[in-house]
Structures are given as structure tokens and as C-alpha cells.
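> Sequence:
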Amino acid sequence: MSATPFLFFDGDGTLWDFEGVLRHALGIVLAEIRRLRPSPVSDALSVETLTADRNAVAAERRGSRATLAEIRRAGLDRTLARCGAPDPDLAAHLYALFMRHRFDDIEVYPDVRPALDSLAATYRLGLLTNGNTDPERCGLGGRFEVVLFAEDHGLTKPDQRLYDLAARTVAAPSGGSSRSVVPMVMVGDSLEADVVGAEAAGWRGIWLNRDGKRCPEGTRSYPRIESLAELPEALVGLSAGPPGRS
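The sequence shown begins at 31 in the working numbering and counts up one residue at a time.
These aren't lab readings, by the way, just hints derived from the structure by calculation.
Built from N, CA and C at the ideal position, the CB exists for glycine as well.
Treat the hints with care, as some may be off.
Restraint-style ranges between C-beta atoms, simulated for each label pair [to be verified]:
no., residue 1, residue 2, range
1, A61, G267, 46 to 52 Å
2, D164, D119, 23 to 29 Å
3, G171, S251, 17 to 23 Å
4, R154, G93, 19 to 25 Å
5, D119, R240, 23 to 29 Å
6, D119, E90, 33 to 39 Å
7, E175, P262, 16 to 22 Å
8, G93, E260, 23 to 29 Å
9, E49, V71, 35 to 41 Å
10, A33, A61, 34 to 40 Å
11, K243, A89, 23 to 29 Å
12, M129, A89, 36 to 42 Å
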């Protein structure tokens, strides 16, 4: 690349163990439900039940601009109704408990801080996420020049409009083209959302494949790494030309 690129990172599954902390926080909520509303029904609840209730609400509200926080809270309302004990005050308590552990107990992957420290000397860094984890609350405060939450704009990756918005945010004077003259790179764990989506928007995408997943058949090869420690070398290997199309 002839100019220094701006690096955007995904959050969940890329910088921190979202699935791990999610199950941990839901487990604490589950124990609290059983403590405050003991019954055979609450004893039969599981983390999967809480997840299913939340996902059912999300499906019903798709396209409504409901926030992730609102969906989670409504999912807890649904779980309490399942127990035959709808209680808005208890739902509010459970939601606060969930959010406290959801953020305070989050674990950043070991390769993240060293990689960001090293990359910051050369690149501008940003966060572009479909989630709602604030980096300020998980030990990564001050690391990113730009932080964009997709839900704030009613969009989700891989929507090209979100990538164009990020490019406009990075580009200097306002009112310019949606395509920034700054080379844009997206690094994330989702091949479809973070890599294919980015390249469709004229960016370059790097797939952080921590678990060694196989690329789906028929999908062209994209740059991939298994650790952020490999990112500097991958960046050097990116060509200066436009990305290919899948």
C-alpha cells in the first residue's frame, strides 16, 4: 500500500472473548432467578433458555431500530413470564446484574494489547462493531481514534453503507466522497461481515481466524491470520491495487 492505511478492528470474537463472557454473565443471571424465584420452572431454566428468549425478541423486532440493550431487557422479561412471575423491577435488577458482569468480567485476548501498542506507532486505529461493548469498559480505553457502533446508525456489517460511513468519518474534510483516499483495512473474525463485506466496499479485509475454521467452498481466498501477532506481516503483504471481487 502506498499510503499508511487506517486499521479498523471488529470487537466481539476479535479483541475479546464475547461468547465466554456472555455465557458467564447469563449464568450469574440464571442463579439469581433461581434464588429470587425458586420453582421447578426456574430450576429447569438454562443459559440456552435465556439465549432463546433473547433471540426470539430480536427476531420479532428486526427492522424496528430496537437497541441491543432493549432486546436483552425484553428477553429477560420474557424469561420471567415463562416462569409465571412477570416482574418489571426484577427484570431491571437482572438486566443491571447482567450488564455489570457482561462488561466488568470481559477478557481481552492475550495478543490484543501488545498488537495494538505496536501497531499504534505506524497506523491509525479504529473499532467498527455490530456489538455494544465499549472499549473504555474492558481495558482498551484510548486505543482507538474512531469507535463506531453499527446499531447507532441502524446498520450492521456487512452493509456497505456502514463501511462508507466509517470511511467518511476517517476522511478529512466533511462533505467529501464516501470513498476515503486513506487506504482502509478491516480486521475481524467474521469472514462474511468483516472481510467479504469490507472488500465489497472497496476496503481490504483480513480474516482473524483464531479457531482454524475452513473457508466455505466457493469463497475466494482472503488474507488470514490466526493471531494479531501476525497482523504486521499480513499488512505488508497487502497489494496497493484494488481488492478482488468474490
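> Would you mind marking each hint as holding or not holding in the structure?
Structure-based check of each hint:
{"no.": "1", "hint": "A61 x G267: 46 to 52 Å", "result": "holds (48 Å)"}
{"no.": "2", "hint": "D164 x D119: 23 to 29 Å", "result": "holds (26 Å)"}
{"no.": "3", "hint": "G171 x S251: 17 to 23 Å", "result": "violated (36 Å)"}
{"no.": "4", "hint": "R154 x G93: 19 to 25 Å", "result": "violated (34 Å)"}
{"no.": "5", "hint": "D119 x R240: 23 to 29 Å", "result": "violated (40 Å)"}
{"no.": "6", "hint": "D119 x E90: 33 to 39 Å", "result": "violated (23 Å)"}
{"no.": "7", "hint": "E175 x P262: 16 to 22 Å", "result": "holds (18 Å)"}
{"no.": "8", "hint": "G93 x E260: 23 to 29 Å", "result": "violated (38 Å)"}
{"no.": "9", "hint": "E49 x V71: 35 to 41 Å", "result": "violated (26 Å)"}
{"no.": "10", "hint": "A33 x A61: 34 to 40 Å", "result": "violated (52 Å)"}
{"no.": "11", "hint": "K243 x A89: 23 to 29 Å", "result": "holds (25 Å)"}
{"no.": "12", "hint": "M129 x A89: 36 to 42 Å", "result": "violated (22 Å)"}
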